[in-house]
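Chemist: Here is what each chain is made of, one letter per residue.
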Amino acid sequence: MSAGKFWGVSFLAAAALLVLTRGLIANEYFFFAGYVVLQYIVLSTAWNILGGYTGYTNFGVGAFFAVGAYSSVVLHKLTSLPVPVMILVGGLMSGILGFGMGYLTLRLKGVFFAIATLALAIVAQTLIVNWDYVGGSRGIYVIRPQQAPLYGSYIQYLYSLMLILAWVSVAIARTIERSRLGLGFNAIRDDELAAEAGGVPTLRLKLISTTVSGGLMGMSGAPLPYYVTYLDPASSFNLSYAVNSVAMPLIGGMTSWVGPVIGAVLLGTIQQLATVTISSALNLLIVGLLLIAFVIIAPNGIVGLVRARRRARLR
Amino acid sequence: MPPLLEVGGLGKRFGGFVALEGIDLAVDTGERLGLIGPNGSGKSTLVNCLCGALHHDTGNITFDGRAIDGLPAYRRTRLGLARSFQLPKPFRSLNLVDNLRIPLLYTVNARPGARLSDGAIGERCLALLDDVGLADKAARLPRDLTQVEMRKLELARAVASAPRLLFADETMAGLSPSEVEEILLVLTRLNEQGITIVLIEHIMRAVMSFSTRLVVLVAGQKIADGAPQEAMRNPEFERAYLGE
Numbered sequence: 001m002s003a004g005k006f007w008g009v010s011f012l013a014a015a016a017l018l019v020l021t022r023g024l025i026a027n028e029y030f031f032f033a034g035y036v037v038l039q040y041i042v043l044s045t046a047w048n049i050l051g052g053y054t055g056y057t058n059f060g061v062g063a064f065f066a067v068g069a070y071s072s073v074v075l076h077k078l079t080s081l082p083v084p085v086m087i088l089v090g091g092l093m094s095g096i097l098g099f100g101m102g103y104l105t106l107r108l109k110g111v112f113f114a115i116a117t118l119a120l121a122i123v124a125q126t127l128i129v130n131w132d133y134v135g136g137s138r139g140i141y142v143i144r145p146q147q148a149p150l151y152g153s154y155i156q157y158l159y160s161l162m163l164i165l166a167w168v169s170v171a172i173a174r175t176i177e178r179s180r181l182g183l184g185f186n187a188i189r190d191d192e193l194a195a196e197a198g199g200v201p202t203l204r205l206k207l208i209s210t211t212v213s214g215g216l217m218g219m220s221g222a223p224l225p226y227y228v229t230y231l232d233p234a235s236s237f238n239l240s241y242a243v244n245s246v247a248m249p250l251i252g253g254m255t256s257w258v259g260p261v262i263g264a265v266l267l268g269t270i271q272q273l274a275t276v277t278i279s280s281a282l283n284l285l286i287v288g289l290l291l292i293a294f295v296i297i298a299p300n301g302i303v304g305l306v307r308a309r310r311r312a313r314l315r
Numbered sequence: 001m002p003p004l005l006e007v008g009g010l011g012k013r014f015g016g017f018v019a020l021e022g023i024d025l026a027v028d029t030g031e032r033l034g035l036i037g038p039n040g041s042g043k044s045t046l047v048n049c050l051c052g053a054l055h056h057d058t059g060n061i062t063f064d065g066r067a068i069d070g071l072p073a074y075r076r077t078r079l080g081l082a083r084s085f086q087l088p089k090p091f092r093s094l095n096l097v098d099n100l101r102i103p104l105l106y107t108v109n110a111r112p113g114a115r116l117s118d119g120a121i122g123e124r125c126l127a128l129l130d131d132v133g134l135a136d137k138a139a140r141l142p143r144d145l146t147q148v149e150m151r152k153l154e155l156a157r158a159v160a161s162a163p164r165l166l167f168a169d170e171t172m173a174g175l176s177p178s179e180v181e182e183i184l185l186v187l188t189r190l191n192e193q194g195i196t197i198v199l200i201e202h203i204m205r206a207v208m209s210f211s212t213r214l215v216v217l218v219a220g221q222k223i224a225d226g227a228p229q230e231a232m233r234n235p236e237f238e239r240a241y242l243g244e
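Residue numbers (the working numbering), protein chains in the order written: chain A, 1 to 315; chain B, 1 to 244.
So here's chain A without its partners, still in its complex pose:
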């Protein structure tokens, strides 16, 4: 399927999902939970562009996510812009952060890069904690507009926005994957020296990767203040965002755009169900157990499992 066709088909799929869920489901909680699952599709897809395609593990997901969220807080206090514009601004801010992170960590590889991204998250959190204008460590209340634009409740509106964002980020990931750019990312992941010797401008490609990945993460964080209505550093920078964004592509499969989607839907849904039925503290335990199971049984994720089976059948 060509890139243009994929954008079209995935748009239809997303539109159908939107119409069906909003038309058939009356329970508000569905949209409340669905928003989180969709948010994780965006986060894990974004993570996979840098982590899966390019081979750089980013543990600083919380920083990008929170920068998107806090840029919305600032815009909320200063202006009365609509949320879609805030999403674009949040994406721009965290895209810049991604570019800066890429530039500062160009010489770092493997575990050293991962530690640097973790450090970035801590630095960013410290800055926000000490910035009184956005609430500091106390956090800040963000009052939602009473009426949602278009129709339906405000949560349904945010859910719809996140669904669009999920469509866009998945389509971007798929487009990159099948392009010259994606092949260059794969070359960097496999061997940076050989990539450079093959004419791949590794520095430029890495910066593109960190910027796109960071930008999408920020976009997914931008509507958060309106979703939670109370935002504080401890929850918006939470390490669980990073853990989930790493775990989902790992469980789904990192080599293809569909991996993070499968991982996010599976893990995100299980987490939401567990939160309601068992306890909210159980979330990370489930992630941890699944992660261990997959690393041992299916290191290439569900996508890898399916591919191996298909290959075996062909032989």
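Wrong hints could be hidden among the right ones.
Unchecked claim - One side only, chain B facing chain A, incomplete, derived with CB under 10 Å:
no., residue
1, Ala53
2, His55
3, Ala82
4, Asn109
5, Arg157
6, Arg233
7, Asn234
8, Phe237
As the list claims (entries may be wrong) - From chain B, some residues computed to sit far from chain A (all C-beta separations above 12 Å):
no., residue
9, Ala26
10, Ser84
11, Leu145
Calculated from the structure, these hints are not laboratory results. Heads up, the beta-carbon is just placed ideally off N, CA and C, and yes, glycines get one too.
Once you have looked at the hints, place chain B on chain A.
Modeler: Structure of chain B alone, referenced to chain A:
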């Protein structure tokens, strides 16, 4: 005609260790140059400095009349300097065709002039694989290859960038005599197609049969440069290889 590659007073240190010192070297278009020297004499460091994987400390490098000091490796590849790695470095997650697609997309298509279409690139990849006898494994992953096939892939990938000068860094180490012959045939054919080749090698029989000129490095210095038989008669060469 000025030489294709000209190196003047090249030096490289790693901390207190002098890896290369005052290397002067000229390579003419179409030449088959053998570069030899004992382990640790700086052969690979020289290749790394010339191809941009390392940055030299002193001296200058001119390629095709253009100073290339300070250019990143990918720019040098695009200018026409290609290399194969001593330890093969295939793109492990990509099949053989995609391994060759990288240099075609990022080097050949990045040069000014005609761009190859996707179809043309695919055909070129298969033709390049066919040249080294790997056409039937085009859809395989590098892990399915044998050692000698891996070396051939390494060469094919370097050649895919349509270079003018190719550094073949120990492409034959650890291969059997008949496999050495196979690689030599490939290299000779490439040279006949107009690619200048610098062969870095330990297997003397291969170097002597292939090279039209020999350069000897010992402890980071060039001690001989000339016709193969002459270079080997150099007393310093004997001392380095055979001891006093």
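Chemist: If a hint holds in the structure, say so; if it does not, say that too.
Modeler: Against the structure, the hints come out as follows:
no.	hint	verdict
1	Ala53	holds, 6 Å
2	His55	violated, 13 Å
3	Ala82	holds, 7 Å
4	Asn109	holds, 8 Å
5	Arg157	holds, 7 Å
6	Arg233	violated, 35 Å
7	Asn234	violated, 32 Å
8	Phe237	violated, 30 Å
9	Ala26	holds, 23 Å
10	Ser84	violated, 9 Å
11	Leu145	holds, 15 Å
Figure legend: structure checked against the earlier numbered hints; hints not met, in rising order: 2, 6, 7, 8 and 10.
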